[in-house]
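Protein chains: 2
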Amino acid sequence: MVEKYDTVVIGAGPAGTAAASSLKAQGQKVAIVEEDLWGGTCPNRGCDPKKILYTAVEAKEQADLLAGQGLNTQSSIEWPDLMANKRNYTKQISPGTHESLKNNGIETITGHAQFVDQHTLEIGQQTIEAQNVIIATGLRPRILDIKGKEFLQTSNEFLDLDEMPESITILGGGYVAFELAGIASSAGAKVTLIHHNNRPLKAFPEKLVQTLCDQLSENGVEIILDQEITEIQKDSASYRVIGNDFDKKTDIVFAAVGRIANVDQLGLDQIGVEYSSKGVKVNEHLQSDVSHFYAVGDSAASPVPKLTPVAGFEANYVVDQILGDHKEIGYPLVPTIIFSLPKLSQVGVTAQQAEEDTDRYQVRTVNVEEWITYKRQHEKQPLVQLVIDQKQDQVVGAACLSMEADEMINYLRLLIKHEYSANEVSQTLFNYPTIASDIQYLY
Amino acid sequence: MVEKYDTVVIGAGPAGTAAASSLKAQGQKVAIVEEDLWGGTCPNRGCDPKKILYTAVEAKEQADLLAGQGLNTQSSIEWPDLMANKRNYTKQISPGTHESLKNNGIETITGHAQFVDQHTLEIGQQTIEAQNVIIATGLRPRILDIKGKEFLQTSNEFLDLDEMPESITILGGGYVAFELAGIASSAGAKVTLIHHNNRPLKAFPEKLVQTLCDQLSENGVEIILDQEITEIQKDSASYRVIGNDFDKKTDIVFAAVGRIANVDQLGLDQIGVEYSSKGVKVNEHLQSDVSHFYAVGDSAASPVPKLTPVAGFEANYVVDQILGDHKEIGYPLVPTIIFSLPKLSQVGVTAQQAEEDTDRYQVRTVNVEEWITYKRQHEKQPLVQLVIDQKQDQVVGAACLSMEADEMINYLRLLIKHEYSANEVSQTLFNYPTIASDIQYLY
Numbered sequence: 001m002v003e004k005y006d007t008v009v010i011g012a013g014p015a016g017t018a019a020a021s022s023l024k025a026q027g028q029k030v031a032i033v034e035e036d037l038w039g040g041t042c043p044n045r046g047c048d049p050k051k052i053l054y055t056a057v058e059a060k061e062q063a064d065l066l067a068g069q070g071l072n073t074q075s076s077i078e079w080p081d082l083m084a085n086k087r088n089y090t091k092q093i094s095p096g097t098h099e100s101l102k103n104n105g106i107e108t109i110t111g112h113a114q115f116v117d118q119h120t121l122e123i124g125q126q127t128i129e130a131q132n133v134i135i136a137t138g139l140r141p142r143i144l145d146i147k148g149k150e151f152l153q154t155s156n157e158f159l160d161l162d163e164m165p166e167s168i169t170i171l172g173g174g175y176v177a178f179e180l181a182g183i184a185s186s187a188g189a190k191v192t193l194i195h196h197n198n199r200p201l202k203a204f205p206e207k208l209v210q211t212l213c214d215q216l217s218e219n220g221v222e223i224i225l226d227q228e229i230t231e232i233q234k235d236s237a238s239y240r241v242i243g244n245d246f247d248k249k250t251d252i253v254f255a256a257v258g259r260i261a262n263v264d265q266l267g268l269d270q271i272g273v274e275y276s277s278k279g280v281k282v283n284e285h286l287q288s289d290v291s292h293f294y295a296v297g298d299s300a301a302s303p304v305p306k307l308t309p310v311a312g313f314e315a316n317y318v319v320d321q322i323l324g325d326h327k328e329i330g331y332p333l334v335p336t337i338i339f340s341l342p343k344l345s346q347v348g349v350t351a352q353q354a355e356e357d358t359d360r361y362q363v364r365t366v367n368v369e370e371w372i373t374y375k376r377q378h379e380k381q382p383l384v385q386l387v388i389d390q391k392q393d394q395v396v397g398a399a400c401l402s403m404e405a406d407e408m409i410n411y412l413r414l415l416i417k418h419e420y421s422a423n424e425v426s427q428t429l430f431n432y433p434t435i436a437s438d439i440q441y442l443y
Numbered sequence: 444m445v446e447k448y449d450t451v452v453i454g455a456g457p458a459g460t461a462a463a464s465s466l467k468a469q470g471q472k473v474a475i476v477e478e479d480l481w482g483g484t485c486p487n488r489g490c491d492p493k494k495i496l497y498t499a500v501e502a503k504e505q506a507d508l509l510a511g512q513g514l515n516t517q518s519s520i521e522w523p524d525l526m527a528n529k530r531n532y533t534k535q536i537s538p539g540t541h542e543s544l545k546n547n548g549i550e551t552i553t554g555h556a557q558f559v560d561q562h563t564l565e566i567g568q569q570t571i572e573a574q575n576v577i578i579a580t581g582l583r584p585r586i587l588d589i590k591g592k593e594f595l596q597t598s599n600e601f602l603d604l605d606e607m608p609e610s611i612t613i614l615g616g617g618y619v620a621f622e623l624a625g626i627a628s629s630a631g632a633k634v635t636l637i638h639h640n641n642r643p644l645k646a647f648p649e650k651l652v653q654t655l656c657d658q659l660s661e662n663g664v665e666i667i668l669d670q671e672i673t674e675i676q677k678d679s680a681s682y683r684v685i686g687n688d689f690d691k692k693t694d695i696v697f698a699a700v701g702r703i704a705n706v707d708q709l710g711l712d713q714i715g716v717e718y719s720s721k722g723v724k725v726n727e728h729l730q731s732d733v734s735h736f737y738a739v740g741d742s743a744a745s746p747v748p749k750l751t752p753v754a755g756f757e758a759n760y761v762v763d764q765i766l767g768d769h770k771e772i773g774y775p776l777v778p779t780i781i782f783s784l785p786k787l788s789q790v791g792v793t794a795q796q797a798e799e800d801t802d803r804y805q806v807r808t809v810n811v812e813e814w815i816t817y818k819r820q821h822e823k824q825p826l827v828q829l830v831i832d833q834k835q836d837q838v839v840g841a842a843c844l845s846m847e848a849d850e851m852i853n854y855l856r857l858l859i860k861h862e863y864s865a866n867e868v869s870q871t872l873f874n875y876p877t878i879a880s881d882i883q884y885l886y
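Sequence order for the protein chains is S and A.
Each residue of the first sequence is one higher than the last, beginning at 1 in this note's numbering.
Each residue of the second sequence is one higher than the last, beginning at 444 in this note's numbering.
Calculated from the structure, these hints are not laboratory results.
Owing to the predicted nature of the structure, the values given are computational and were not obtained by experimental measurement.
Each residue gets a CB set at the ideal place from its N, CA and C atoms; glycine is no exception.
Each hint should be verified, as a subset may be incorrect.
[As the list claims (entries may be wrong)] 30 Å max Cα-Cα, derived BS3-like pairs, lysine-lysine:
#	chain 1	residue 1	chain 2	residue 2
1	A	Lys691	S	Lys375
2	A	Lys818	S	Lys91
3	S	Lys391	A	Lys545
4	A	Lys860	S	Lys391
5	S	Lys375	A	Lys770
6	A	Lys545	A	Lys645
7	S	Lys91	A	Lys823
8	A	Lys770	S	Lys417
[Said to hold, decoys possible] Computed from the model, here is a short list of chain A residues facing chain S with C-beta under 8 Å:
#	residue
9	Ser518
10	Gln568
11	Thr570
12	Ser788
13	Tyr884
[To be verified] Quick look at which bits of chain S chain A covers, simulated, 3 or more residues with Cβ under 8 Å:
#	segment
14	109-120
15	307-317
16	331-337
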């Protein structure tokens, strides 16, 4: 007998598990299908393990900045210990998530989902039916289509490396490339980052990206721009990274050249659900061309950055849609962050957008090196950039390059949302001295 | 000839300098009088130097927590270097502040102010007249009135110690005592903290204070409660701290038993301005009994914690009063923070207040040790406490004990102010994973 469900969720990452749990809590009969690790990319091989590695790196870098300033320190990253620490965290994620879903009364099915028709899918030998379907299958790293591509590794392998090699090469100029470069360099590897054009991290302000590149370079990362890599060759124990007039020997090569949606192996094209490498094509209700098929998080081609908090937001939204709400999705402010050395984060109207309308927007970049928060940590060239809407006399966007950028942008996100004026900021008392108590001097 | 000013400010700390600068910017003729360090307590011998010492301590403690978890670390505090680092910061404060005031066109007068009548004061040989007076003279450490009190040192000396002795004893149970204890202990001293009753940090929730005491004790701080110290004796190179049935040898003794307002030497009693050890008695306009005498910041007996952000707020308020505004002062939410090991911070309705009205308030204490922010740092027993107004279904107060307490309470302060519901918090996307992105799981 074919089991029938109100909703079947494909993919048990942050988006899928959130949607499944909410629908179940609202009384639906729910199944969730996962073919890989329960919990998905973020806690297994994404944000969380990355942050665990970064935590040790951050502690080392902060200690190094204070060396000779009162801290007698000899710190280095002990990669095998750090990996054991990470694995100690991640090993519980998949079984724990699976168990938790089962305990919530959700039917969990392990295997690959294949749609037979618009309401029927097979997982191996099992066939089930669903009134609604939520696609939440995430993204996978894209592999460059070059000669020797079989020698390329991805962030998945980086985050589970047993040993940190002496030299590593990272192909790419996006956030993953800059995060891996910072971690590996701090862990003692000689890092080369190669990007095919001259504008890495193109969503971020040029001035801040340039300063980040300068700082990484000063710390020993070799950054090579405008270099198209065409081939990877394997030597005995190492690799050669080859481009036009370029040939470099390295111990390991990572491709961090974007990610593609895991929606191409589900049989969706057979049942009228349109998709691309960016994910399932969705409307303002996160519905695909087939109205009872929704897509959320990384596997939805929605017009927002593919981030864990966005995945949760979209999951909650789709739950409401399935339960009968019909309003179009409206996204809140979405901050973005690169945990490199230092951190780079932004929110709201970007400097690039501001440059397209200089009558309306003013961009102000402040070097905050002499401020107590940065001075006490001996940070080098921390920058905060504000985008001001001159008509409204309001800060509408911000970017920050510093070891405090993550929290600084979180604060500014709240102040931008609530349209704080300079006077209101000065009347908002924070703990002193903290990142937040500095903000009155920015406005 | 006697020079006449629109406003004379007594005391050039954060409150006084802010008021003087604003009034001058608004076109007033302004003088400011300082008899000690320009810039006042906060940047010279308060928050800022304390935070500089704490920064190295924090880096050491965070590295220690990660030892064996991926960080190969041998860190210790090198006190003379740390002091040099601090002095490098503080040495610029007094001359820099003085210069900046002069450059702004404010008359700066060095010396002790003595009021002759309600509009006239003398500073040494100089006599000036003022239409308005702002008292902003701050607080000084209180010295216990016991035998051998001349052997007691205060936070002023602690923050400028050339060497950290092997053993130190701190008398007191307030925030200064707990901050000095954390720093000294991390710097390698054997620390004894002695408090006369059994409830140190009485403004903070008992559960969190108890946990803080436990953690300090585990890290080697001896905390002795219910012990009244009656005498300090000097031996050859050390001291004896003596109470009933108590006698302890130590290298140095600090009294951190509160602070008293610097308003008793100005001749205020002669001209009808009432004051106590808590400061100038003020009304809801921060006016003293003599209406053109205002008091702000630490030297005003206003019903708020004596903190730098409050000083700035009150200074701005009084500037508006002098320039013609007449509305009563209304204080925003004031968070408070203890930079001990770990940090302890709170804002809004306290657990104590909640216990007095259990029909209305619910107190929820959460151990967040397993959350990604704390897990990745291997923090021990981090606690977050929320006070919920059950009628409004709103979080109205919060306290936190963790190394992230400063920023956590800053965030909660904003969310409490804007009356966020659980649903609104979940729809507020922050950088992930950060302190702020955890908050949705608290609400």
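Hint-by-hint comparison with the structure:
1. A:Lys691 / S:Lys375: With a Cα-Cα distance of about 39 Å, the restraint between Lys691 of chain A and Lys375 of chain S is violated, given a limit of 30 Å.
2. A:Lys818 / S:Lys91: holds, 14 Å
3. S:Lys391 / A:Lys545: Since the Cα atoms of Lys391 of chain S and Lys545 of chain A sit roughly 35 Å apart, the hinted pair is violated (cutoff 30 Å).
4. A:Lys860 / S:Lys391: holds, 27 Å
5. S:Lys375 / A:Lys770: At roughly 38 Å apart (the allowed maximum being 30 Å), Lys770 of chain A and Lys375 of chain S break the hint.
6. A:Lys545 / A:Lys645: violated, 42 Å
7. S:Lys91 / A:Lys823: holds, 21 Å
8. A:Lys770 / S:Lys417: holds, 28 Å
9. Ser518: Constraint on Ser518 of chain A satisfied, holds at 4 Å.
10. Gln568: violated, 37 Å
11. Thr570: At about 35 Å, which exceeds the 8 Å cut-off, the nearest Cβ of chain S leaves the hint on Thr570 of chain A violated.
12. Ser788: Status holds, d = 6 Å.
13. Tyr884: Hint violated; Tyr884 of chain A Cβ to chain S Cβ min 11 Å, cut 8 Å.
14. 109-120: violated (count 0)
15. 307-317: holds (count 7)
16. 331-337: Held - the segment 331-337 of chain S has 6 residues with a Cβ nearer than 8 Å to chain A, which meets the minimum of three.
Checked against the numbered hints above, the structure violates hints 1, 3, 5, 6, 10, 11, 13 and 14; every other hint is satisfied.
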